[in-house]
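Undergrad: Going line by line, the protein sequences match chains A and B. For the first sequence, my numbering puts the final residue at 681, and the numbers step up evenly by one. For the second sequence, my numbering puts the final residue at 681, and the numbers step up evenly by one.
No wet-lab data here; the hints were simulated from the structure. Heads up, a few of these hints could be off.
All copies of an identical chain are treated as equivalent in the list; a pair is satisfied when it fits inside any one copy or across any two copies.
As the list claims (entries may be wrong) - Derived lysine to aspartate or glutamate pairs resembling DMTMM-like cross-links, with alpha carbons at most 25 Å apart:
| hint | residue 1 | residue 2 |
| --- | --- | --- |
| 1 | K535 | E598 |
| 2 | K317 | E588 |
| 3 | K68 | E633 |
| 4 | K544 | E590 |
| 5 | K546 | D407 |
| 6 | K575 | E602 |
Note that the structure is predicted; figures quoted are calculated from it, not measured.
Number of protein chains: 2
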Amino acid sequence: MSNEQKPPDRPPEGGTHPPTGFHPDLVWREEVVGSKPGDRVVRIARHRYFQGLASGVLVPRPAATEPKSGTGRFLMKAKHFLVGQPISSAMESQERLNKFRALAVLSSDALSSVAYGTEAAMRTLILAGVGALAFTMPISIVIAILLIIVATSYQQTIQGYPGGGGSYIVAHENIGPVAGLTAAAALLVDYVLTVAVSVAAGVAALVSGFPPLLPYVVPISIGLVLLIAVLNLRGIRESGSIFAIPTYVFVFSILGLIGWALFRLSTGGIPYTPGPAGPRAGTETLTWFLVLSAFAKGCTAMTGTEAISNVVPVFEKPEIRNARITLGLMAGLLAVMFIGISFLASHIGIIPDPTEAETVLSQLTRLTVGDGSYYYLVTVSTTLILVLAANTSYASFPRLLYVMARDRYVPRWFGLRGDRLAFNIGILALTFFSCALLAIFGGNVERLLPLYAIGVFTGFTLSQAGMVRHWLRGTEANRKRKAAINGLGAVVTAVVAVVIAVTKFEEGAWMVILIAPCLIALFLAIHGHYLRIAKQLRTQAPVKPKGTPPLVLVPISSLSLVARQALAFAEDLSKRVVAIHVTSELSEAELLRSQWSEVVGEVPLVIIESPYRLLLQPLLAYVDAVREMDPDETIMVVLPEFIPRHWWENLLHNQTALRMKGALLFRSRVAVTSFPYQLEE
Amino acid sequence: MSNEQKPPDRPPEGGTHPPTGFHPDLVWREEVVGSKPGDRVVRIARHRYFQGLASGVLVPRPAATEPKSGTGRFLMKAKHFLVGQPISSAMESQERLNKFRALAVLSSDALSSVAYGTEAAMRTLILAGVGALAFTMPISIVIAILLIIVATSYQQTIQGYPGGGGSYIVAHENIGPVAGLTAAAALLVDYVLTVAVSVAAGVAALVSGFPPLLPYVVPISIGLVLLIAVLNLRGIRESGSIFAIPTYVFVFSILGLIGWALFRLSTGGIPYTPGPAGPRAGTETLTWFLVLSAFAKGCTAMTGTEAISNVVPVFEKPEIRNARITLGLMAGLLAVMFIGISFLASHIGIIPDPTEAETVLSQLTRLTVGDGSYYYLVTVSTTLILVLAANTSYASFPRLLYVMARDRYVPRWFGLRGDRLAFNIGILALTFFSCALLAIFGGNVERLLPLYAIGVFTGFTLSQAGMVRHWLRGTEANRKRKAAINGLGAVVTAVVAVVIAVTKFEEGAWMVILIAPCLIALFLAIHGHYLRIAKQLRTQAPVKPKGTPPLVLVPISSLSLVARQALAFAEDLSKRVVAIHVTSELSEAELLRSQWSEVVGEVPLVIIESPYRLLLQPLLAYVDAVREMDPDETIMVVLPEFIPRHWWENLLHNQTALRMKGALLFRSRVAVTSFPYQLEE
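Next comes chain A alone, as it looks inside the complex (with noise of 0.2 Å):
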């Protein structure tokens, strides 16, 4: 066996490598095949570590990255349990969403909108009066015709940018970093938001439903985020598998409702009567800026449009095609239910309950249907959808991190995938913002809205002004029309969204306000951080060894054998080695010193005084000392650590090492080296 072990005498095949027996790629015995000299040497590389020894790449086997303890057995185990096995990333493809899947991920927050879209604007009108509601009908239609171009418009930012658009790359590209990092911000503060106000407005239909829990609304909430967070945590393609059956019977009950109910008006007619407390004389005066106002709350619909473009690289290929589909579809079936809802509302005379105790959709569900089981399907799948909603932005948010960290605007660790493919810490930083938030404000939805679709908004607006860039500086033959589109949507969106600005600002708009050109400054000193390092970390000047070893300084306690192990492997280092001990009593340093010679030799040894019993700040001291004295030298502090058996052996210690370490790890040109002890028991 330990035969077996024995490194090879001489060098394997080709490659350099160091002139010992030790060979870095962990090839264990060499073997000829063939008995003449000169017959080809097998490289038998064996270990439970590692395999494929003998090609030049090393690849762990399960054995390497288990671990080794039963503690850390366990935690893998329930890691497994909660998110998954780890996904290699060679499957990557394989976990690439189709379109039915992408469909439920990625348009659930647009397709929950035709929940309250319709409602919102007829609750603005009816301001002025329930003669006010005839505009619900050209405003749906105006709306549903913005939709058509703003999805036009995401269809060819798709195009342009098959990496993952979103209108914070057009932004970037076309108009500028400050463009893009303005459309970044508010869209990551909107997704916070949209996870925080969906879950929050599911809560509150799911609460309606059972008072008694009425106490419970912000544990409820936040389970719900961390829910849909560890399923996000399992990666896009499970979630996506989870969420379609939500998403697509809620859109095939709102469908089905459409049909039945135009059926039925078309054979005779749905009667109506609107409650008693309907509002029969408006208290406003029907102005242009009310008609306006409630355009803009019925482009809330809107919000989740870009979410498709944003995250091209998650669909199956070809991704282009897949994701303009997809994108169309969802903007079809946005378009149809959304113009149904309001036609049907419309046309049968609903008018929104004054007491908010009824949704105008559950009252259009209830004329068509009746109070049966197809009313329950409605409005279960309707409040599972509006839960949903998060789960859009727990698609689009971790992108578009991702795209920041690629450009540097973030932390690196932004960019990393988990073991499951996923950006982990993105869904992490969502999950927490958004429960933050969640608990700020009590799980109320009506305190959360104001705060909400500004984000959206301008994101759309930059998007399309950067596309209007695009086109014009292009080379396509349409490159005027596209261009006019993007430009009349980049205009329609920015006046919705000063609306909007305006009319919420008081009730909280201002926080994100306040809040996004923070967040554009902290991009901003990040991106100065990294480019200082990587100009800095860019020059292609080579290096070489200086060709002497450094400067090695040993601070020592006593002559015992872990100081004595401490110096030799100093000695095998650096001829220059120097031991330091710091005393506060000299009587006893004068015996080491006396000592020192015949135990250790030749090596200096520097005694320093501290009347105070200080230990600390004499060594720092000392080390600053040598740094100034040349400027050149590199130094090499190696400090003696104890490897506890237990962790609370380590109570036991000093700690003087470890607080070692923390100062001169801030300090340039010092290199500072635990040294294990190495003792047998």
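Please arrange chain B on chain A, whose structure you already have, making use of the hints.
TA: Just chain B now, kept in the frame of chain A:
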């Protein structure tokens, strides 16, 4: 200037040192006195951090240990304001206590007990009716005799153990380690309780005078403990000066009270009418158990008797004589005050107030001197000395832990002295535990008292039993008589300890009886740990350098400047350097390999594929594989580490080096080197 800093060309006179210009003693310049060759060489050693450089010992100048940053300077000034300027070890003998201060610091616990000792016995006796109070005087005399016996015994202990005796040392040395640790555990628990109980009693007295403070009992108590702790951190001498005034005011006001009362008794008597609420008939029969129980209650007056023998080295020289005189003074004062108060209370016929609204001492004072200013002097000084009784624990607890740390039963840092020569860690530990007790028990004296006193008597018993053995082993002339005195003391204190344990068991003494064995087991476990290590460190086998530098592993992520600097540094250290690159994308790794030989040269490159995007685990597995392959090899891992200019910049980096260090630290034969980024900016 730069010329002056140049190190000398030839080695300075005497002593070995490394063969370069650098001199370990920081000699910057040598001057030859005279002009002939062979004239005396004067080593001129000037550095703003060190002085006395030529004498073989470096002494840091103030600049060496001063904080370099503004925040650091502010913190240092704040610390000096709080606990004072550092005191050098050489000043130690000047920081010792004279008899005047020692009595104040070390006897406040014992002396304060006259405020409640007599009353505690009377309250038990009166359960058997007013007639039973006739036992007050006999019991007090027995306690006084017992006190004299115990004090005499401890005076002999001081002689036998001038390094600081106390129950732990005496029991440890004469009976055995477990007896010593039992005494130590009992005393440590008792010291914590003393602080909590005495501060709570003082605050209770304060609050009964100012009822609005009632809701703030716990914060006030903890504030007082912190104040006493800070004063003790300033050093024992300074706290002695501060505590002297209230102690002596208390002693002289009580002695004056007794004298004046005796004078009035001798000139006509002091009239007394018990309150109407006073019980005329007892509820229990007068049994020996009741008398013993009253005796046990009165014995609380003896807590703190051992304090002086614990801390003999804090006395001015001659320590033994001064400590014995102080102990004699304390016992004499205590006996006189205790007997005096008991005599007066019995003679006047004072009956303890059953509502506990007024103490016996307060009744006695009011009867003797009326409600005037002298009454308030006694009351206020009594309150103060009750609080200051905590200070006796602050003198004893850290010293006991220091002795135990020397014997390796508690972590080593209890043996370190702070920059004011105080045992800071012990002071902080006592503060922490007593504040925790106050917080848990809500600052309530009644709930804390049953836990109290059992430890002191356990300590007395073990200490005196130890002294019996000490005398019997010795050769002194009077050893049999001395042993008999100690034996009597041991038996009586053992009886008292048992009586306290039995009568107070259900009220809380069980906690102490439960905690003590746990503490002893902990001490023994710690001892075993230190012994195991010491055994291995003691080996005198010479440790020789291996003659070859270690195998150096350098994890790299790219061919950046940092990576190349780290590789060059590694090449300076050893001829056997291996670079390791972990990647999840083989194509990128192959690009690295293709540039490798041109940019880096001879260092072999190992590529490890990590399909699950793990970085740390494959590296650790590689290190483990190399360790396994050659069990004699020392491995050094060089980790490039980023030096941030601001702390927040740490957030922008992956902290891989930090996690790597944490993981590698617990592997034997692996030295971990932090190599700092050498960025210019």
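Undergrad: Output the indices of the hints that this structure fails to meet, ascending.
TA: Result: hint 5 breaks, nothing else.
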